[in-house]
Amino acid sequence: MFAVNPFAALSGSIPPAVMQGYIVLMIVLVAAGTLFDILHKGSARYFFESWRKSKGSREVALLPIAIQTVAVDVLASGEFCNAKRRFAHLLTMYGFVFYVVATVVLVFNYTAAAAASFWPQLWWLGGAMVFVGGTWFWFFIRVDVAAEGNPVFRVMHADLFILSMLASVTLGLLWAWLGGFALFVLYILATTVLFAGVPWSKFAHMFFKPAAAFEKRVAEAGGTHQNLPTLTRDDPEQRERHSMELLKDAPMDMGLGIKREPPHHY
Amino acid sequence: MPTFVYMTRCDGCGHCVDICPSDIMHIDKTYRRAYNIEPSMCWECYSCVKACPQNAIDMRGYADFAPLGHSVRVQRDEKKGTISWKIKFRNGTEKNFLSPITTKPWGQAIPKLAEVPGPSKEMRDSQLLYNEPKWIRMDDGGLHTLEAAGLKLKKGVYY
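First to last, the protein sequences are chains H and A. The first sequence begins at 1 in the working numbering and counts up by one. The second sequence begins at 1 in the working numbering and counts up by one.
Hints are computed from structural coordinates only; laboratory data are not their basis. Any given hint might turn out to be false.
Over 10 Å on every C-beta distance to chain A, these chain H residues come out as not near it, computed from the model [what the hints assert, rightly or not]: (1) Val60; (2) Phe108; (3) Val132; (4) Thr135; (5) Leu231.
With a straight-line cut-off of 20 Å between C-alpha atoms, the simulated SDA-like cross-links for lysine to any residue are [claimed, not checked]: (6) Lys79(A) / Pro262(H); (7) Lys41(H) / Arg9(A); (8) Lys248(H) / Lys50(A); (9) Lys50(A) / Gly107(A); (10) Lys86(A) / Pro262(H); (11) Lys55(H) / Lys88(A).
For glycine and all other residues, C-beta sits at the position ideal for the given N, C-alpha and C.
Just chain H, with the same shape it has in the complex (with noise of 0.2 Å):
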């Protein structure tokens, strides 16, 4: 079952160019979608006036400022101070690409032989890293349940991408394990919520996250800090303050304070 390309038996039934001129599609959705995102919610003029902003005067190499916003932030979701969260977030980011990645090449390159190389077993492994980073998100992670005590199936605007990305993976997977027309029809359904729903979902983050987290590398590097802090006491110079004086003897490493504890008291 691993094995075998779910989509060759489909293309008895469905001309291959119909397959190609789908994934085409909602490669033009997503695109339009986040252009409509941008453009609607102003989240271009805001970067940039974020980036003048947080810019400073110092001159900052972008190169190395880029390669680790993409080593830390993107490839190994550094963002996330939660280890369960950022663990999830893993296994969904890229279950998703491998997902996604292994159906283009399945429908273009192999649309009707059976046997595809690594490329089913892929396409299995990523749509099941989906669906247990995503269900182990969405009934024990979220944030509205976990923090606000929110019921677990209180369904709200927030849920539309991770809902629909849940039962395009699920569908598509049961699927190709059953078969049934049935099936495939919710499968396609649930994929096009997906990939057109995005000037109304949080799909395109995974475009917005990584500008935000490399402008916040910047703003570091730039000496502005975000107009945030900067004394520590790392700092020889800032130990010996009068107002130092009380940990002079202290750890550097004093543990962890109040996120000892997941915060859920609600």
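Knowing the structure of chain H, use the given hints to seat chain A on it.
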């Protein structure tokens, strides 16, 4: 000066929702990021600003008395046990402060009150409050002073 959230910085961790004493920091239904649902009820305690691990929360000065770009920003460094403030005045003056928020590693000096025996009738009838005079250390060499702790009182404000 109520708080507001920089949506691009917030990662929706929920620490501000958890800590807000007015229960006005909530999670936005569209973007799943934190926001202040009722700025007029914010008492500017800075709890959420200090608790935010991403420094995504800031204070908004009311336009009628803070129109010229002042700012009060804070960074709470739990690991180092310090809090630092950067105050920018409207005339451009900038002041920086650094203070301790704990003197012992977190969680290691919590009084185990559950293990303390309950007060006797005599203690309940006394004028003294719980654990007086022990906790103000009057029975341990009298009133504790700066000199006794090896500190000096300097003129002016030293942070």
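Checked hints:
For valine 60(H), the shortest C-beta to C-beta distance to chain A comes to about 19 Å, beyond the 10 Å cut-off, and the non-interface label holds. The beta carbon of phenylalanine 108(H) sits about 34 Å from the closest Cβ of chain A, which is more than 10 Å, so the claim that it is off the interface holds. For valine 132(H), the requirement that its beta carbon stay farther than 10 Å from each beta carbon of chain A is met, with the minimum near 20 Å. Every beta carbon of chain A lies more than 10 Å from that of threonine 135(H), the smallest distance being close to 17 Å; the non-interface claim holds.
With 10 Å as the threshold on Cβ separation, the claim that leucine 231(H) sits away from chain A is violated: the shortest Cβ distance comes to roughly 4 Å. For the hint pairing lysine 79(A) with proline 262(H), the CA-to-CA distance comes to about 17 Å; that is within 20 Å, so the pair holds. Distance hint between lysine 41(H) and arginine 9(A) is fulfilled; the C-alpha atoms sit about 16 Å from each other, no more than 20 Å. A C-alpha spacing of about 23 Å is found between lysine 248(H) and lysine 50(A), which places the hinted pair above 20 Å, so the restraint is violated.
A distance of roughly 19 Å separates the Cα atoms of lysine 50(A) and glycine 107(A); the hinted pair therefore holds under the 20 Å criterion. This hinted pair does not check out: lysine 86(A) and proline 262(H) have alpha carbons roughly 28 Å apart, beyond 20 Å. Of the pairs offered as hints, the one joining lysine 55(H) and lysine 88(A) holds, with about 18 Å between alpha carbons and a cut-off of 20 Å not exceeded.
The structure shown violates the earlier hints numbered 5, 8 and 10.
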